[in-house]
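There are 4 protein chains.
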Amino acid sequence: MSPGEKKTTRYRVRVGYVDTDQAGVVHHSTYLRYLEAARVEYLRTHGIDYKKFEIEGRSALPVVEVAMRYKLPARFDEELEIETWVGVVTRARLRFDCRVWRGTELLTESEITLACVRMPEGALQSMPPEILRACGE
Amino acid sequence: MSPGEKKTTRYRVRVGYVDTDQAGVVHHSTYLRYLEAARVEYLRTHGIDYKKFEIEGRSALPVVEVAMRYKLPARFDEELEIETWVGVVTRARLRFDCRVWRGTELLTESEITLACVRMPEGALQSMPPEILRACGE
Amino acid sequence: MSPGEKKTTRYRVRVGYVDTDQAGVVHHSTYLRYLEAARVEYLRTHGIDYKKFEIEGRSALPVVEVAMRYKLPARFDEELEIETWVGVVTRARLRFDCRVWRGTELLTESEITLACVRMPEGALQSMPPEILRACGE
Amino acid sequence: MSPGEKKTTRYRVRVGYVDTDQAGVVHHSTYLRYLEAARVEYLRTHGIDYKKFEIEGRSALPVVEVAMRYKLPARFDEELEIETWVGVVTRARLRFDCRVWRGTELLTESEITLACVRMPEGALQSMPPEILRACGE
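Chains as they are written, first to last, in my numbering: chain A, 8 to 144; chain B, 8 to 144; chain C, 8 to 144; chain D, 8 to 144.
These are computed hints drawn from the structure, not numbers from a lab. Certain hints may be false.
[What the hints assert, rightly or not] Within a straight-line C-alpha distance of at most 25 Å, the following computed SDA-like cross-link-like pairs (lysine to any residue) qualify:
| hint | chain 1 | residue 1 | chain 2 | residue 2 |
| --- | --- | --- | --- | --- |
| 1 | C | K14 | C | P69 |
| 2 | C | K78 | A | V25 |
| 3 | C | K58 | B | E85 |
| 4 | D | K78 | B | R82 |
| 5 | D | K58 | C | E128 |
| 6 | A | K58 | D | T97 |
| 7 | B | K59 | C | E128 |
| 8 | B | K59 | C | W108 |
| 9 | B | K14 | B | E61 |
| 10 | D | K58 | A | V25 |
| 11 | B | K58 | C | V20 |
| 12 | B | K14 | B | E90 |
| 13 | A | K58 | C | K78 |
| 14 | B | K14 | B | R82 |
| 15 | C | K59 | D | A130 |
| 16 | B | K78 | D | V70 |
| 17 | A | K58 | C | A30 |
| 18 | A | K58 | D | V25 |
| 19 | B | K78 | D | I62 |
| 20 | B | K58 | B | Q132 |
| 21 | D | K59 | B | R82 |
| 22 | D | K58 | B | R82 |
| 23 | C | K58 | C | E128 |
| 24 | C | K78 | A | P69 |
| 25 | A | K58 | A | T111 |
| 26 | D | K58 | D | T111 |
| 27 | B | K78 | B | V20 |
| 28 | D | K59 | A | E88 |
| 29 | C | K14 | B | D84 |
| 30 | A | K58 | D | R21 |
[What the hints assert, rightly or not] So, partial list: chain C residues that the calculated Cβ filter (under 8 Å) puts toward chain A:
| hint | residue |
| --- | --- |
| 31 | A30 |
| 32 | G31 |
| 33 | S36 |
| 34 | E72 |
| 35 | P80 |
| 36 | P127 |
| 37 | L131 |
Source: prediction; values computed, not measured. The C-beta atom is built at its ideal place from N, Cα and C for all residues, glycine as well.
Model the full structure from these sequences, guided by the hints.
In structure tokens, the structure reads:
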């Protein structure tokens with residue numbers, strides 16, 4: 008759960024009006040959109056253009072597991088920072104660990120686990136070497 | 008703008024918590040989701056299974072124009088009714104006209120215009136005969 | 008994880024076009040919307056009108072933890088069934104356990120944990136007696 | 008429809024995976040989220056902090072009319088630019104005109120009309136002087 012010496016990225020997002028609900032806070036489902044954008048930028052930073060990866064590799068990295076704890080709510084127009092690192096990477100699984108921050112306040116903690124599938128059939132396959140290289144320590 | 012003698016359908020939807028924003032009302036973008044579901048049901052009622060249409064016809068009906076007027080807001084947990092009919096159908100365009108009702112109160116009025124494209128290239132083509140039959144008067 | 012003798016509800020949802028992504032399957036974030044609607048119906052079935060609960064009780068039940076495993080993808084226009092029951096209820100927490108089914112195929116399994124807060128401040132408080140009665144065994 | 012000498016802003020957005028649908032393009036409803044973010048930035052650029060405006064002014068600027076034409080589809084990971092200017096501003100209405108660009112390609116054109124309401128009742132009121140100053144020519 009601690010990024011330690013691992014490569015981490017920080018992705019900034021501004022909370023939109025549509026991201027809120029009638030409780031006046033960001034809806035819990037919205038964070039999955041923020042985290043997805045942060046993962047795409049993580050991969051880009053580490054040499055993987057995910058769009059090309061899907062097209063040229065005829066592969067995809069679908070989410071197979073989500074775990075998220077919500078500690079403090081975010082509100083409209085706040086600037087948040089998504090800290091992302093790879094918690095676990097094996098031939099079968101790639102787990103991104105994420106913390107959403109508002110300044111020094113920790114809002115959510117999560118682990119998002121991806122598998123690798125061959126497209127368009129969707130059959131499970133091993134993580135390709137370029138993913139292992141980009142996401143390993 | 009009046010459904011007159013045309014075939015209309017009525018589709019019911021219950022407003023979800025996620026559909027609201029911090030103003031305590033349904034966000035204006037949410038209605039496009041409701042209207043899309045209502046169009047799929049309109050087509051089903053008139054003999055078109057839109058999923059099969061896309062797969063077997065190698066075609067799609069993308070939205071090319073949206074016009075919507077918002078008169079009254081909807082709120083969480085309300086049951087709404089989407090009245091849908093075909094306002095215009097030609098070989099190039101199919102325009103669905105929709106009213107969102109809460110009981111006898113008219114909340115929104117809209118016209119959603121679709122074109123027909125060949126997939127996966129996305130090139131424009133004429134409306135297929137089955138659409139003309141299903142959506143004509 | 009097994010509903011056993013507990014009260015369960017089954018909520019049906021039809022997959023919308025907007026619910027899909029370019030991989031041709033339901034986006035992982037979409038299920039949180041389905042599950043939320045299923046929880047509102049669970050509460051209604053067991054005597055709690057959640058809208059009234061928020062207004063009259065000056066309280067809310069925000070999501071504080073999400074855990075979801077995705078086993079099989081859902082696709083456009085499929086009819087899904089959300090099986091929902093209360094896995095754990097204490098004075099501090101209410102955990103809904105959910106399975107999303109397509110016929111006899113299990114698509115996702117999840118546990119969604121809610122806390123109870125006083126509104127509009129958002130301070131944590133004990134689960135009200137009516138929630139304990141409605142959601143206890 | 009032409010921004011002419013008026014003040015315009017350009018807001019950049021990167022298309023997310025969740026923004027796409029199974030046709031492989033950005034879903035038509037997604038643009039309303041992009042445009043909303045662009046309007047908030049337009050207002051900020053011209054001296055209005057919309058969050059403060061809502062809280063301190065006990066007012067809101069709800070969308071009362073949407074008109075959008077979709078000319079070309081956007082795809083995952085593309086960088087888009089939202090050109091925004093005020094097309095019409097009166098004491099009753101504020102109309103934002105927007106073009107979504109991918110480089111030199113025009114993807115959508117739209118007009119989004121806002122009214123001003125007193126919150127929390129939602130009663131219509133005149134545009135406040137600070138809005139007229141910020142959004143007038």
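Going down the list of hints, with the structure as the test:
no.: 1; hint: C:K14 x C:P69; result: holds, 22 Å
no.: 2; hint: C:K78 x A:V25; result: violated, 30 Å
no.: 3; hint: C:K58 x B:E85; result: holds, 10 Å
no.: 4; hint: D:K78 x B:R82; result: violated, 33 Å
no.: 5; hint: D:K58 x C:E128; result: holds, 18 Å
no.: 6; hint: A:K58 x D:T97; result: violated, 44 Å
no.: 7; hint: B:K59 x C:E128; result: violated, 50 Å
no.: 8; hint: B:K59 x C:W108; result: holds, 22 Å
no.: 9; hint: B:K14 x B:E61; result: holds, 23 Å
no.: 10; hint: D:K58 x A:V25; result: holds, 13 Å
no.: 11; hint: B:K58 x C:V20; result: holds, 16 Å
no.: 12; hint: B:K14 x B:E90; result: holds, 10 Å
no.: 13; hint: A:K58 x C:K78; result: holds, 24 Å
no.: 14; hint: B:K14 x B:R82; result: violated, 29 Å
no.: 15; hint: C:K59 x D:A130; result: holds, 23 Å
no.: 16; hint: B:K78 x D:V70; result: holds, 10 Å
no.: 17; hint: A:K58 x C:A30; result: holds, 12 Å
no.: 18; hint: A:K58 x D:V25; result: holds, 13 Å
no.: 19; hint: B:K78 x D:I62; result: holds, 24 Å
no.: 20; hint: B:K58 x B:Q132; result: holds, 18 Å
no.: 21; hint: D:K59 x B:R82; result: holds, 24 Å
no.: 22; hint: D:K58 x B:R82; result: holds, 21 Å
no.: 23; hint: C:K58 x C:E128; result: holds, 18 Å
no.: 24; hint: C:K78 x A:P69; result: holds, 11 Å
no.: 25; hint: A:K58 x A:T111; result: violated, 33 Å
no.: 26; hint: D:K58 x D:T111; result: violated, 33 Å
no.: 27; hint: B:K78 x B:V20; result: holds, 18 Å
no.: 28; hint: D:K59 x A:E88; result: holds, 22 Å
no.: 29; hint: C:K14 x B:D84; result: holds, 23 Å
no.: 30; hint: A:K58 x D:R21; result: holds, 12 Å
no.: 31; hint: A30; result: holds, 5 Å
no.: 32; hint: G31; result: holds, 7 Å
no.: 33; hint: S36; result: holds, 4 Å
no.: 34; hint: E72; result: holds, 5 Å
no.: 35; hint: P80; result: holds, 7 Å
no.: 36; hint: P127; result: holds, 7 Å
no.: 37; hint: L131; result: violated, 12 Å
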